[in-house]
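Chains as they are written, first to last, in the working numbering: chain A, 11 to 338; chain B, 13 to 140; chain C, 3 to 389.
Misleading hints may appear alongside valid ones.
[Unchecked claim] Here are the simulated DSS-like pairs of lysine-lysine, each with C-alpha atoms no more than 27 Å apart in a straight line:
(1) C:Lys193 <-> B:Lys117
(2) A:Lys86 <-> A:Lys204
(3) B:Lys139 <-> C:Lys92
[Claimed, not checked] Rough simulated footprint, nothing fancy, chain C against chain B, three-plus residues with beta-carbon under 8 Å:
(4) 91-103
(5) 112-120
(6) 123-133
[Unchecked claim] Each pair of labels, with its calculated beta carbon distance range:
(7) A:Lys204 <-> B:Gly106: 29 to 35 Å
(8) A:Gly152 <-> C:Val123: 55 to 61 Å
(9) A:Glu227 <-> B:Ser53: 42 to 48 Å
(10) A:Glu227 <-> C:Val24: 38 to 44 Å
(11) B:Ser53 <-> A:Tyr132: 33 to 39 Å
(12) B:Ser62 <-> A:Ser128: 31 to 37 Å
(13) C:Met22 <-> A:Gly152: 56 to 62 Å
(14) C:Leu140 <-> A:Gly299: 55 to 61 Å
(15) B:Cys99 <-> C:Gly94: 26 to 32 Å
(16) A:Asp294 <-> B:Ser53: 31 to 37 Å
(17) A:Gln300 <-> C:Glu108: 57 to 63 Å
(18) A:Lys204 <-> C:Glu108: 38 to 44 Å
(19) B:Ser62 <-> C:Lys124: 52 to 58 Å
Everything labelled a hint here was simulated from the structure, so no lab data went into it.
Here the structure is a predicted model, which means the values were calculated and not measured.
Built from N, CA and C at the ideal position, the CB exists for glycine as well.
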Amino acid sequence: MTAAPRHARSGGLHAAMAAFVAASLLTAAGCGTGAGPAKAPLGSADSLSAQARDHAIRTLTEFDPGKVTVLPGGRKLREYTVWAEEKVVEVAPGIRFPAWTYNGAIPGPTLRCTEGDSIRVYFSNRGTMPHSMHFHGYHPAGMDGVFEQVPPGGTFTYAFNAEPYGLQLYHCHTMPAKMHIARGLYGVFIIDPKTPRPPAREMVMMMNGFDTDLNGEDNEIYTVNGFANVYFRDYPIPVKVNELQRVYLVNITELDLVNSMHTHATFFHVYPTGTSMTPSTFTDVVTLGQAERAILEFKYPFPGRYLFHAHQNEFAELGWLGQFEVKP
Amino acid sequence: MPKRVLFPILLLLAVAAVAAPSLVARLSASGAGPERTVALSMREYTFNGSNPTLQFRPGERIHFIVTNDESTNVLHNFRVVGMNVECGPPLKPGERREVTVTMPKSGEFAYTCCTHPGMGGKMKVEKK
Amino acid sequence: MNRWKAAAAAVLPIVLVAAMVVWFANGGSRLLTLTPAPIERLAFERVEFKQQEIVLHVRNEGPEPFQVGQLLVNDALWDFSITPDRTLGKLGGATISIPYDWIEGEPYTVTVLSGNGIRHVKTIDIATRTPAPTPRLLLVFALLGVYVGVAPVFLGLLWLPALRAAPRAWLDFWLALTMGLLVFLGIDTLKEALEIAGRVPSFVNGVLLTALGAVAAFLGITAAGRALARGEGKPSGLSLAILIAVGIGLHNLGEGLAIGAAYTLGEVALGSFLIIGFTLHNTTEGLAILSPLVEGNASTRNLVMLGLIGGGPTILGTWAGAFTYSDPLSLLFLGIGAGAIFQVVRILAQAQAKGGSALEALGRGRAAAGFVTGFLLMYVTSLLVAG
Chain A
11 MTAAPRHARS GGLHAAMAAF VAASLLTAAG CGTGAGPAKA PLGSADSLSA
61 QARDHAIRTL TEFDPGKVTV LPGGRKLREY TVWAEEKVVE VAPGIRFPAW
111 TYNGAIPGPT LRCTEGDSIR VYFSNRGTMP HSMHFHGYHP AGMDGVFEQV
161 PPGGTFTYAF NAEPYGLQLY HCHTMPAKMH IARGLYGVFI IDPKTPRPPA
211 REMVMMMNGF DTDLNGEDNE IYTVNGFANV YFRDYPIPVK VNELQRVYLV
261 NITELDLVNS MHTHATFFHV YPTGTSMTPS TFTDVVTLGQ AERAILEFKY
311 PFPGRYLFHA HQNEFAELGW LGQFEVKP
Chain B
13 MPKRVLFPIL LLLAVAAVAA PSLVARLSAS GAGPERTVAL SMREYTFNGS
63 NPTLQFRPGE RIHFIVTNDE STNVLHNFRV VGMNVECGPP LKPGERREVT
113 VTMPKSGEFA YTCCTHPGMG GKMKVEKK
Chain C
3 MNRWKAAAAA VLPIVLVAAM VVWFANGGSR LLTLTPAPIE RLAFERVEFK
53 QQEIVLHVRN EGPEPFQVGQ LLVNDALWDF SITPDRTLGK LGGATISIPY
103 DWIEGEPYTV TVLSGNGIRH VKTIDIATRT PAPTPRLLLV FALLGVYVGV
153 APVFLGLLWL PALRAAPRAW LDFWLALTMG LLVFLGIDTL KEALEIAGRV
203 PSFVNGVLLT ALGAVAAFLG ITAAGRALAR GEGKPSGLSL AILIAVGIGL
253 HNLGEGLAIG AAYTLGEVAL GSFLIIGFTL HNTTEGLAIL SPLVEGNAST
303 RNLVMLGLIG GGPTILGTWA GAFTYSDPLS LLFLGIGAGA IFQVVRILAQ
353 AQAKGGSALE ALGRGRAAAG FVTGFLLMYV TSLLVAG
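Just chain A, same shape as in the assembly (with noise of 0.2 Å):
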């Protein structure tokens, strides 16, 4: 099955009406009849919980660099294989999410490679609505995802040269966006300069939202990587004194206009969307709109535990909230 029908709490309008609309959508899609109504498992809400925060712990530091081949003249070819799948995940403890998904998990996965390659991404649909895939970038209207729909069943392959360089990222074109987005079809895209930056310990992190009861209004979750309080509660990250930290920071959360993060006891060099090798700014605030990307550049000058968190309070008591341990 696919996604769990929602759950509407009496007296909500917006939440009976958002159930009644995901429930006519699964209905429509041919997974409402037959076996009665999907059930998400109650009884495995710990592994699934284990699932979301495995994947978001690898998502820090997991790049996925395709298939490489060197093409005669030398240009890389790089071969990348995403699919669609509408899932129930957790995006907190022992909240259950009825997720679409790039490859099964929220975010989809980070996309690595390095400015000029030749890209292929072959995709596959394998939910039960249309989905596509959008990349930020240089690229031919054909490939833009967003007027090749891909039916249910349906492939489609993505191919253009990676420019410019920068952390870019890749989202759901399908109509409504809001909610192609908001159910969590992105992931991060980075294309590399052709002169490296400098070694430094990089991570990824992508700030979202999860509407969970899909009232379409505000979100009741905020992670990085897609579990709330992951880096907080579960991973503190670990890292040393005066080592350069890099942070790929992508900002995908809807229904909010604005995310960010703040670091205790560090400032950090900003490179806003990562397409210049000179940073625009020295705080320890940055402030993202939606889709809006940052690469970030600290040291922690002594050891012990410091909070990373978004600076809207009211999202970091909702699950943004990590902390680096920083070792001697």
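Please build the complex by placing chains B and C on the supplied structure of chain A, with the hints as guidance.
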């Protein structure tokens, strides 16, 4: 004649058979059973380094020995909300607090330090 | 043979209904493609504020098992303990304890985020330390009951000599005034019930529960009235007064419940102004009991008894409301109060009509003035407790 005597005796035996296990359980739950000691070390703003999830059996008597093992001068305390283990006076490094709790029938309970956010974990009491 | 047939005919519908239920429960409902997603319902039965701790008593009133996922206080994720289980079966309850340094007098919003990500919200307007039934608090709430219920009724009873001194021709006025007072109280009680009925889960059927109480009380008072009249056809002054006192007593029970519960649930701050308001408002209730006693004589003992019947239940109400409040029970009691009051009004109207049309009797000059005065008196004094 014997039938008349036999019936009440059987009835009594049946009642005893049904009641005995729960009676024994109640007795052991009310303090007659042995205590198990669980040590919790408070260090680097965590319990036992990782804020573990602790598993208990219903009615089990647990003797918690909670020690402040911080190397810096940090005060901590130990609280289990919903189990009547209140914050108490803060512990200085090297100090410890001992508290004995009879586990309830079932549930999930948060144990925390009353002053440090994120310092704490869960205690789970599984139904029999 | 016929008897068997009759028995079979009696049992057959039951068997068929049972078969239908079994078939439906085992997936027969799948044929109905319109089956919507199940609705989650979580009732907050009680919220307690303890030392650095908030305790929620919740119940799953939806058709499916309910899973408590996360807990939010003022829109922030918070630690919590839950017993007996995170998953609540149908109609299953749980106690959630939250370590929270709440501040006296401030508003709080607690949200249970279900496993399906749905918000279930409870807002507490004024956080107040939840009273435990200590002897001292029992006394405090008893005193509260005395202030708002017992004392006013007795004060009202002190008007008896004055009423008796008034010209006899004015008796109709007093009777009608009483009816005006009572009709106001009856409507007020129903209004209270409807407010509560609006917040209880729909499966409780709040309005029907109130109606059940009202009908039962209405019929009960009718039977009591008949017994008191002892077949004389017309109830005596004292028995009428007793009936009025019973009706008012039941109303005050509901009022006490509401006051005690509102205090406990953090909905009102019981300032002295509010208590004075209730006192003035309820003094008129004593007046209502008196009107049938203007003619004939009533001993002091009888008056004390009437006062206790009318005012005493307030104390029971404040206790029950403060320490063991439950919405459905309140609905039932408010219904009983309303039913009793309307039946007493009916008896009074009959007594006044002396066999004629009750409505016509009320329409005569003094009676009409009395009715309106009574209603107005209640309305004006009710402004003192509005809020």
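inquiry  = Please list, smallest to largest, the hint numbers that this structure does not respect.
reply    = 1, 7, 8, 11, 12, 17, 18, 19
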